[in-house]
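Asker: If you want the building blocks of each chain, they are given just below.
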Amino acid sequence: MSNINRIKSSLIDTTKEINFVFNGKKYKGFEGDTLGSALLANDVKLIGRSFKYHRPRGIVSHGSEEPNGLVEIINDHYNEPNTKITTVELYEGLKAKSQNCWPSVKYDLMSINDKLSNFISAGFYYKTFMWPSSFWEKIYEPLIRKAAGLGSLSLSNFSRNSEKGFLHCDVLIIGSGPAGLVSAYIAGLSGVRVILVEEDFIYGGSLNNEVFHISDMPAQNWVKSILKNLDKLSNVRLMKKTTVTGMFDHGIFGAIEKNKHKKIEQIFWKINTKKTLLCSGSTERIIPFQNNDIPGIMLSGSIRSYVNRWGINNLQKVLLFTNNDDAYLTAKNLIENGINCIGIVDTRNSSKKTDYKLKIYKDSQVINAFGKLNLKGVNIINKEGKITYLECDYLGVSGGWNPNIHISCHTGVKPEWNQEILAFTPGLNNISTHIEAAGSASGKFTLNACFADAESKITNILNELKVKPKKYVIPKFNRDKYNIDPFWYVEHGSQRKWVDFQNDVTIKDIEIAYDENFRSVEHLKRYTTLGMGTDQGKTSNVTGLAILAKLSKKLIPEVGTTVFRPPYIPLSLDAVVGQHIGKNLKPIRLTPTHNWAKANGASFTESGLWLRAEWYSKKSEKKWRESVDREVISVRNSVGFCDVSTLGKIDIQGRDAQDFINKIYSNRFAKLPIGKVRYGLMLREDGIVMDDGTTARMSENHFIMTTTTINAESVYRHLEFCHQCLWPKMDVRLISTTDAWAQIAIAGPNSRKVISKILDKEFDISNEKFPFMSCKELTICGGITARLFRISFSGELAYELSLPTQYASSFVSYLMKVGKEENIIPYGTEALGVMRIEKGHAAGAELNGTISALNLNMEKLVSPQKDSIGMILSKREGLCLPNGLRLIGLKPINPKNQLISGSHLFNENENRIPENDLGYVTSSCYSPTLKSFIALAFLKNGTRRYGQKINVSNPILKNETMAEICNPIFVDPNGDKLRV
Amino acid sequence: MSEFIYYGDASLLKRPKWDNKNAEDEFYKYLYLRKNISGFHKELWFHQQGDRSWLIVTRNTKNHEIIRVELATEVVKGLDK
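These protein sequence lines are chains A and B, in that order. When we follow the working numbering, the leftmost residue of the first sequence carries the number 1, and every step to the right adds one. When we follow the working numbering, the leftmost residue of the second sequence carries the number 1, and every step to the right adds one.
By construction, these hints were calculated from the structure, which means they are not laboratory data. Just so it is clear, the structure is predicted and the values come from calculations on it, not from any experiment. For every residue, glycine included, the Cβ atom is placed at its ideal position computed from N, Cα and C. Just to be clear, a hint being listed does not mean it is correct.
As the list claims (entries may be wrong) - Listed next, with one range per pair, are the computed distances between beta-carbon atoms: (1) Asn20(B) / Lys554(A): 51 to 61 angstroms; (2) Ser456(A) / Ile67(B): 21 to 31 angstroms; (3) Ile67(B) / Val577(A): 26 to 36 angstroms.
Excised from the complex, chain B in its bound form (with noise of 0.2 angstroms):
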């Protein structure tokens, strides 16, 4: 039982309209492809034990370090500005 559970790249935050043209294309982008980074990469973590909250965590892969962690709703709404 972890505090924490990992979900992977920050990028699923950006889902394709399901009515695009290519849809199917972007769908199938928006879900496979990954960018490998070396430096800081942004990730999605769910604070199971916690106030389950999701979170968008700024992490170097190449040594672990965390840098910046902000709630996935307030990301996602600066998106959408």
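Just chain A, same shape as in the assembly (with noise of 0.2 angstroms):
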């Protein structure tokens, strides 16, 4: 293998070797190898093939742009598909393989689409898979499916160490080419902050590629000195491996940094600064012709760019096409490296001068390629219509350069056409935006003019930054101007002309597509898929815009353009999800009896963030069902407690904070006396339940209110903007003190005297002195301040105590210790759900941002005497149907039948389709109380239906059940066992 005969280049290390595997066979390259560079250095020039017709494919290009080289990356634990070999830098170890392709890349099965391409041209799939529609699902989807999509994923669940990170400056400079160094330098030397982010793992750009002299010496080494003095500023941040996906709003970028073998494999970097340069260089077109696509025929600048910077001297014969000055430069460096450079065919008339001896075919055209898994010759053509066949084996294309205008449009700035360069460049001139750019990226195409574009632009940042911009002498170059010609394609011979290698459109497809009418560049790109693949069409738009202005006889501007989405290159998911995964998506938040709760036997649960103690088993227990319904029957017969400190707390102060509360809840609310605690409805404006809970007044003017766990931080922002936005100048204060206090509910017949044993002596808690629905700031346990409700939630006799909550811990121990005597036992969520289904209190299964309060049975708590949220909407002829849903109990016919949430109710001898459905199943469970499975429901028209039956269906599990429709309060409907 010619592998180690590479010219010499300051940044190949031939020293150090280093070992890969592509499609399973073992190769060596150096360190400051691509794959890419690796791969052609060791003659591989069949890369993979084609997403479409299966075609043989080859490198195209040397960085983000490449359409062709795609593979996928064998790890460990995973694979990674789609990565582009010229952006992969080469490490000990790497195993890759090709893509679309079976059994093998040389053999691919598949190819036959490519003898069927009249088949499946553009538009192929919208007019193939129409009929039958039945057709569809079991047989063109799992068809197309099999046949599309580029690469396949590994299906590991593994994920790799990623990170978010956010960085602030005042400058960021995009790209480290010789305008992005100038600009960076600058800008550093001038005190601001600066941010230099370079794709590539080595700076420099595209002067990598060259071997040309900046202020007398070699380019590479003028990089290296500029680099020195940036790296000595401290206000200066080079990155390097990190490419911009996009821009968004208020100069925020996004950014990918990507580090094989660091810890961290990538971070994924939001981006905050003043000002942006963009300095990301340009990309070179390609110019179609026939079979323009075989494996050898690349990009003129990527074949200089192999040899100068990565040394490659294996090519035979090169030849070169062109319709603009830079090929020579390709030519040039060619025979300086002894590498046989067969000619150039230039498409002009005016060919140019050389200072070496080099074949020059002008005014021809390269018309056909030949070879079937790398190239063999090309027919040329010049102006007398001779053809002439010349035999090689790699062909460089030079169609023109297009600046990487890509980040400029993402906020949705159209670029502008300019005519000088026959390309697009970022339409910045006239609108105010943080973000220029500079050098070739705005078309300035000359070594000199790109200096001199950047030094002004950096300059004029800096004004705008009211920085005084230091002086830096910026090199003088001298280099040929730029020339190009308008020429797009060619228009000889009749078969496929390749436009877009990756999605595999050819002229003729944008030729169909312009005839069914598809004229618009829009309609174009999605009909054609031109441009819509990985490397989104950097090779390939522009060209695609230039054969529909042909075809509909405009001017390209006139044609238009598609803008660039972020983002730039692909970005993997992990990216951007970063280490918020799995169970680092959200906070946990734990109740502050938890650690208590988890050496006592609990299990748990998730509720909205908290983990909440769901029950506490036995060791006696084998069923969860055996521990809830003996914590029910235990509550029922003595007493419990259960933490309900996740439940929301809303301390609510001032002079006018009950006039504020009565406007919050739609029922009466003016008159609560001090030490008594009130139900509170709550509705939002459009008259729907918000939420419910008690409120309860501890002084004149201290409130304090509780929600659900679910809506604590929603009602307590509603609360504020209520206060903030409507009525400011009421007196009010408000304060969440969820997190201040624990919250212990007591429930059971004997929670008196289990509480009495706690209160410090001077208070009295009996029925007389502290009646159902009072409410007192006490103290316990010798001095602890508490504050006791005497609400209950169970139906018990219950009470609520709050206590700072940093003695709630050893607070629970200590009820467990004197409420030995009464067989204390605490309970988890799951017996407290029991008992309110038993009680039939909503939930948020019932307060599920669709019932109203007459469906709660509780029209009468929105009292139209007063100004409250949503009152008036709550009137709404649709929210008061007399004959609407309501709450109610469902009790099966056979009590051992369960009936499960969500289902739907019908009248026994009507069909089970959605016109006759007369309501749904909320919540359900069995009830140890009435040793029968219950259920709460809301059915049409439902309070008036007791005692009647109904079908309780669940046609997705398969289940029917008979049920008695009842009041849903199942347990002490009077209330009386509140009150003893």
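Once you've looked at the hints, go ahead and assemble the two chains, each given alone in its own frame, into the complex.
Answerer: Pasting the structure below:
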């Protein structure tokens, strides 16, 4: 293999060998190689098969514009598909394989598609898979899924170590080519905070592809010297292997840093900057002609780059094809390195003078290429129509250069056409924005113009930042003028001419789209998929537009262009997600008694962000229901306690606190005596129930509101909205005290007895002194401040005790001790839920965002006598239908039949179709008190149907049960137990 | 978890009076009818992970440029004058 022989290049270290594997075969490369350059050096030209026709394809370019060189990188735990070999820095042990081929890249059975190409041209999917529609799901879709798609996923749930990071700067410079380096240096010297981002694993941009001199030294040495100076500046941050993926509002950029060998493999940066200079360089275009996709046909500048930067010299006979001056530099460098450049085919009449020996075919075009798996030769045609066959193994094509304007378009700015360079440049001239472009990204293709442009643009930016620019003498450089002819594609011949390699779009496809009236650029793009691949058509878009312009007899700027959207390069989802995955997605909140509960046999359930004890299993209990049933029975017969700290607690104080609460709750709240608690119903302004809870009046101007666990945040936000935005003159202050106070519910007929043992002596909570719905601030356990509320969710004699969070854990241990005589037990959310269903209390499942007060049988809790949020719109017809949904209870005829939440209700003799749907089950459980399954449901006209039977139907789970409609308050409907 | 929570059109500040004759119609318009502005739009943001203030942000819907931020309390007090 010719790998050992490399031309000397300062960017390749031939003393450091690197072993890698491609398609199962071992190869060697050197430090400084990309996977692409190493494969070329090893004579591997065939990289993969194309997306649609499975044509053999090889490397075209040398950067992230690469349309063909896509492989799967094989890692220990996962494979990474669609990796551009031109951007992968070679590392020891790298393993990769080709995509889109089976059984192998050389003998690919799907290449039959190539023979069928007449049938699968533009719009093929839309036309072919139309009928019969019943074929779609069973036949067409699986077929397409099997054949389509780039690469394949390994379906492993392994996640790389990814992080998200945040950075701030004054000037962000994107790209470290000549323009980027000069402007970063001037900005750095001037003292502003600079971030310089480079996609490549070395700095220097296009200068790394060249062998000319700057300031009397080789270009790479000039890069090194300026980098050395930049490194000394503490206000400059250099970031290589980092690609800016998108520009967003207010100077925020996304950037992905990839570092295979660091502990954190990728970091997705969010960069906040005041000003940005886009120095992203430019990308060469192809020229379509017949069979221009054969491996060995590359971009001319990329061939130059492989020779100059990577020292590749195993090219036997290189031909160049150009419409501009740049390819002459490639020819010069090839000749200087002793590589056989057999000539340059120039579409232009005025051929250039050269100071080296080069065969120039002026006024000529390459019209066809030959070879199957790699290039064997081409036919060229001259002005007189004479066709000549030229043998060659590489063809370098240059159709001109496109500035890399993508980032400048991300906020919707349309690019502008520049007739001089025949390309689009960023349309930033006449609008005020925080981004500017400099160098070849703004169409300055000669090095002198590029340096001068960078100097002037960065000076403008510094002036706008009100910083005095430091002087830096920009290097002078003599390079030919850039001249280009508007030559877009070869007309000769009827075989396929490829425009977009990655998506297999040919000139014929564009013609078909045009003939079928898909003539706007946006339609053309979607009908043909031109420019929709992972390369975003970096090498093909403008060529496609030029063809469309020719077909429609318009100029390119009249045809218009599609704009680019983020991301600039493919961005894997795990990079965007970072560490926010699985359990890390959201914070976990623990209740104050969490550790105690864990030590006492609790298992836990998620409730919003909270983990709450769901039940406490005893060793003898085999099934969860045994634990829950025991807990319910213990509470109903004696006493139990439950941590309810997760309920939202909002402290409301101020002279107008009572009036304020009266406007928040729809029920009457004006005359709540001090020391009393009341149930409150809260509506949204549209009349739907938002939340419910209790509010206690601790003193004249001090109230404590509780909310449901789930709505704690949104209710607090709502209250602040009402205060700040609607009634700011009210003297009210609000604060959430959910975390400050632990709240323990102590419920059961023996609860008073247990609580009396922990209260300090002076407090009397007898039924006479402290009746149902009382509240009081008091002290417990010898002086600890606490608040006692006589409220009940379970329907038993019950209290809720608030105490400072830090005491909660030792308090419940103490409670177990003092309640031993009464056999006190802890109970979890499941028993809590069973008891609230037995009592017919609405909770999250019922307050589902579609339910009105009337649906909850609470229409009397909307007072029409006062202003409250939602009162007016709750009167709307649809929310007050007399036959509307009503909260009811359901008891199965056979008590052992479970009623499933989400089931729908039908009259027994009616078909189970939506028209006959009468309502649905919201909550269900087994009631150990009634020894029967029970449920809460919403049923049309339900409160008038008590005693009737109804069918509870769940077609998804294929379950049908007959149940009796009843009062939703199953236990103690008169509430006698609450008041003893 | 974001620092700010977006709530929509700042016209929500102008809540109709509940005892007006046409209250139901006015509340319907207040809650449901919005102008779809191309240009500067006043809107409500809540500084949830901050000082818990409701803000009136003036944002250009064409390019998301924000030109003014005011405390809702101040704006409402101004409306009443």
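Asker: Hints numbered earlier in the text: which of these fail when held up against the supplied structure?
Answerer: none
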